[in-house]
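Trainee: Respectively, the protein sequence lines represent chains V and D.
Taken in order, the first sequence gives residues 0 to 391; the numbers are from numbering that gives the first Met the number 0.
Taken in order, the second sequence gives residues 0 to 391; the numbers are from numbering that gives the first Met the number 0.
The hints are simulated quantities; they were obtained by calculation from the structure and are not laboratory data.
Careful, some of the hints might be misleading.
Okay, the calculated beta carbon distance ranges per label pair [what the hints assert, rightly or not]:
hint, chain 1, residue 1, chain 2, residue 2, range
1, D, Met269, V, Gly313, 25 to 35 Å
2, D, Asp362, V, Glu24, 26 to 36 Å
3, D, Arg253, V, Gly33, 40 to 50 Å
4, D, Gly76, V, Gly259, 43 to 53 Å
5, V, Ala352, D, Asn388, 40 to 50 Å
Covered stretches of chain D, as calculated for chain V (at least 3 residues, CB under 8 Å) [to be verified]:
hint, region
6, 99–108
7, 191–198
8, 225–234
Since this is a predicted model, take the numbers as computed values, not measurements.
Cβ atoms here follow ideal geometry from the backbone N, Cα and C, with glycine treated the same way.
The chain contents come next:
Protein chains: 2
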Amino acid sequence: MAIGSTKEYADSDGLYGRVNTQYAEFDGITLESGVFLGPLTVAYETYGTLSPELDNAVLILHALSGDAHAAGIDANGRLGWWDAMIGPGKGIDTDKYFVISSNCLGGCKGTTGPCSINLGTEKPFGRSFPLITMGDMVNVQGLLVQHLGIEKLHNVVGGSMGGMQALEWAVRHPDQVRSAVVIAATARLSPQGIAFNWVGRNAIYSDPARVCPDTEAGHVYQKMGRGLAVARMIGHITYLSEETMEAKFGRKLRLKDIDGYSYSLGENGMEGGEFEVESYLQHQGSSFMRRFDEDSYIIITKAIDYFDLEGPRGDLVTAFENISAKMLILSFNSDWLYPTSMSLTMVRALQAAKKHVSFVELDLPYGHDSFLANAGIPSLTRIIRGFLNSVR
Amino acid sequence: MAIGSTKEYADSDGLYGRVNTQYAEFDGITLESGVFLGPLTVAYETYGTLSPELDNAVLILHALSGDAHAAGIDANGRLGWWDAMIGPGKGIDTDKYFVISSNCLGGCKGTTGPCSINLGTEKPFGRSFPLITMGDMVNVQGLLVQHLGIEKLHNVVGGSMGGMQALEWAVRHPDQVRSAVVIAATARLSPQGIAFNWVGRNAIYSDPARVCPDTEAGHVYQKMGRGLAVARMIGHITYLSEETMEAKFGRKLRLKDIDGYSYSLGENGMEGGEFEVESYLQHQGSSFMRRFDEDSYIIITKAIDYFDLEGPRGDLVTAFENISAKMLILSFNSDWLYPTSMSLTMVRALQAAKKHVSFVELDLPYGHDSFLANAGIPSLTRIIRGFLNSVR
Numbered sequence: 000m001a002i003g004s005t006k007e008y009a010d011s012d013g014l015y016g017r018v019n020t021q022y023a024e025f026d027g028i029t030l031e032s033g034v035f036l037g038p039l040t041v042a043y044e045t046y047g048t049l050s051p052e053l054d055n056a057v058l059i060l061h062a063l064s065g066d067a068h069a070a071g072i073d074a075n076g077r078l079g080w081w082d083a084m085i086g087p088g089k090g091i092d093t094d095k096y097f098v099i100s101s102n103c104l105g106g107c108k109g110t111t112g113p114c115s116i117n118l119g120t121e122k123p124f125g126r127s128f129p130l131i132t133m134g135d136m137v138n139v140q141g142l143l144v145q146h147l148g149i150e151k152l153h154n155v156v157g158g159s160m161g162g163m164q165a166l167e168w169a170v171r172h173p174d175q176v177r178s179a180v181v182i183a184a185t186a187r188l189s190p191q192g193i194a195f196n197w198v199g200r201n202a203i204y205s206d207p208a209r210v211c212p213d214t215e216a217g218h219v220y221q222k223m224g225r226g227l228a229v230a231r232m233i234g235h236i237t238y239l240s241e242e243t244m245e246a247k248f249g250r251k252l253r254l255k256d257i258d259g260y261s262y263s264l265g266e267n268g269m270e271g272g273e274f275e276v277e278s279y280l281q282h283q284g285s286s287f288m289r290r291f292d293e294d295s296y297i298i299i300t301k302a303i304d305y306f307d308l309e310g311p312r313g314d315l316v317t318a319f320e321n322i323s324a325k326m327l328i329l330s331f332n333s334d335w336l337y338p339t340s341m342s343l344t345m346v347r348a349l350q351a352a353k354k355h356v357s358f359v360e361l362d363l364p365y366g367h368d369s370f371l372a373n374a375g376i377p378s379l380t381r382i383i384r385g386f387l388n389s390v391r
Numbered sequence: 000m001a002i003g004s005t006k007e008y009a010d011s012d013g014l015y016g017r018v019n020t021q022y023a024e025f026d027g028i029t030l031e032s033g034v035f036l037g038p039l040t041v042a043y044e045t046y047g048t049l050s051p052e053l054d055n056a057v058l059i060l061h062a063l064s065g066d067a068h069a070a071g072i073d074a075n076g077r078l079g080w081w082d083a084m085i086g087p088g089k090g091i092d093t094d095k096y097f098v099i100s101s102n103c104l105g106g107c108k109g110t111t112g113p114c115s116i117n118l119g120t121e122k123p124f125g126r127s128f129p130l131i132t133m134g135d136m137v138n139v140q141g142l143l144v145q146h147l148g149i150e151k152l153h154n155v156v157g158g159s160m161g162g163m164q165a166l167e168w169a170v171r172h173p174d175q176v177r178s179a180v181v182i183a184a185t186a187r188l189s190p191q192g193i194a195f196n197w198v199g200r201n202a203i204y205s206d207p208a209r210v211c212p213d214t215e216a217g218h219v220y221q222k223m224g225r226g227l228a229v230a231r232m233i234g235h236i237t238y239l240s241e242e243t244m245e246a247k248f249g250r251k252l253r254l255k256d257i258d259g260y261s262y263s264l265g266e267n268g269m270e271g272g273e274f275e276v277e278s279y280l281q282h283q284g285s286s287f288m289r290r291f292d293e294d295s296y297i298i299i300t301k302a303i304d305y306f307d308l309e310g311p312r313g314d315l316v317t318a319f320e321n322i323s324a325k326m327l328i329l330s331f332n333s334d335w336l337y338p339t340s341m342s343l344t345m346v347r348a349l350q351a352a353k354k355h356v357s358f359v360e361l362d363l364p365y366g367h368d369s370f371l372a373n374a375g376i377p378s379l380t381r382i383i384r385g386f387l388n389s390v391r
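Chain V on its own, in the form it takes in the complex (with noise of 0.2 Å):
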């Protein structure tokens, strides 16, 4: 579920320099609810150059809130979300591997997805967007893969969700993937996972928008509405660790100029955040609710609450049996959404299947999110850089 806004977070040095988000048309697919959506746009970039062999392919998988961007500097001088492991000389070295980063189906960044125009009535699906799952994503995926003339990918990576997408990969396309980067993910989301989801989809649920639709103002709010960023803020409660939280912020209070507490709400009871770590919550809240779609939200979310590779194989074991892909399990020790212990069970079902298997815990506090804070990109770059290099 990473955050897109990286300069806080990543060593980022543009070093790739200047791309230009790329978009590519499909005639759509059949999704796994048997619905067909079509057609289809995917936002995409790459970086580097596709070798003549066409074996040098690496695609990256954002997390939640993430977009096509993922390095280099945009139009807007915008750095990419993962710039600081993605450029020549990196984590994920340009000079030699072709790396493709595109939006996921349901994104609100380019790629199909509620704020499209529904060709049937010629308005945004909105709500009425077909729920989608981790599997038509990679799918959606795979159409670009396709397209760019690539049969067989060096590596899929990814992050939280992008993680899940990176196990999807090896599962349902052994055959195309020669090796897969599975970050602070699980086989299945928990139904703690899915119950903060819940909640933060009924904080968009309970915005004024829906409940005044036929105001003229009616969708301004919506799309700019505080229930999306209290979702986002419940997020970001679970992305960081009680220790980064008590180390960035404690109880320290915002104002400074008064001794000890306000004792009060603020005017008409609009509270403004009296303790730093309020403050910093309502800022990513409302960041995000600036630059992200309520509706994609719900749509990606509820894709996350599907996602369970065991149930409908019966057991991870089963579920792991095609798989042929070199897999690289990490995970972090302060990541209390999806601990360690996920990433062992995925660990220890792919050893029972007798697959080629790593994994690495990696000491970080910085909770969920360690794969894009900034002390943690040298401990990155090292795992992976030699993972990617080892499979051949």
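Model the placement of chain D on the given structure of chain V, informed by the hints.
Mentor: Leaving out everything else, chain D in the frame of chain V:
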């Protein structure tokens, strides 16, 4: 942060019999903020008989959503929220002790709070209710105890927010408490705790009623809003352990008659909850919004946020310096909201301050709410009964 629907948890039998909530009136108090608040009403119940020596009083301190009705059966046939612990022969034995339970200041169950009429405006306080602290709640309990003619309490006992109040009693009124039982609590709310409360209040603020306060229906919406339900659902996730969620719900679907997922958000995109855990939370949210006031929720969570014995006094050993009560600190190994480490911080500070302190970590899987869980009552009974008897 006790839940009121004890039937689901505790093994209650209403053995204490019929009880009536009583009301005491006071001129008022000067709050920690410096604001004078009065007149005050305090809703309370008592169980058992006060000894001629006036030395057998035990004060029960409820959690966020609790009320004065802790034991027996009220006029509506409702069992007390801790009936399993309080009654003849129970852990807090009404054959031996005179048990007092009151609704906290700022509450919405009979004690003065945001629903009370502000005599200045002749309207309910709502969000203009002054901000209060745990210390203010305890001072108001002090008025009640004095009103009942009791100079020294045999014991004060509470879980979660009630545990914070037990600590305040021991620290602020050392001459008035012989012993204190602090269950699943902390000496200061962590930034993560502040963050969860903040997001809950923001869910309330994004509630429709606040957007259209002029409409006739506005007020009704306000008190029936989904924002409070969202806040409560966030709370519930933090009260349950991951383990309990797995055991109780797992990834089970609510609708058994369809095979697999529904791939639908339901009518008009207003989700009804596809997974059992969603349906459970929805039930908790809606029943809470029928029985609790959102402005009380705001005032009380803000008081919890303000709770910090350490900060204003420099360190915890200094904060505990004046304590004369025998202290019992209890934690649950599955509580991730106020984990055992927080209890141990208190225990170490009490030891350093050379106070009489006992500590038990209970091995119960029900998370923060374990003190209300049926299966936890036998252990709690044994430990608290022994402790109460040991105090003379």
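Trainee: Against this structure, judge whether each hint is valid.
Mentor: Each hint tested on the structure:
no.	hint	result
1	D/Met269 to V/Gly313: 25 to 35 Å	34 Å, holds
2	D/Asp362 to V/Glu24: 26 to 36 Å	59 Å, violated
3	D/Arg253 to V/Gly33: 40 to 50 Å	21 Å, violated
4	D/Gly76 to V/Gly259: 43 to 53 Å	46 Å, holds
5	V/Ala352 to D/Asn388: 40 to 50 Å	57 Å, violated
6	99–108	violated (count 0)
7	191–198	holds (count 6)
8	225–234	holds (count 6)
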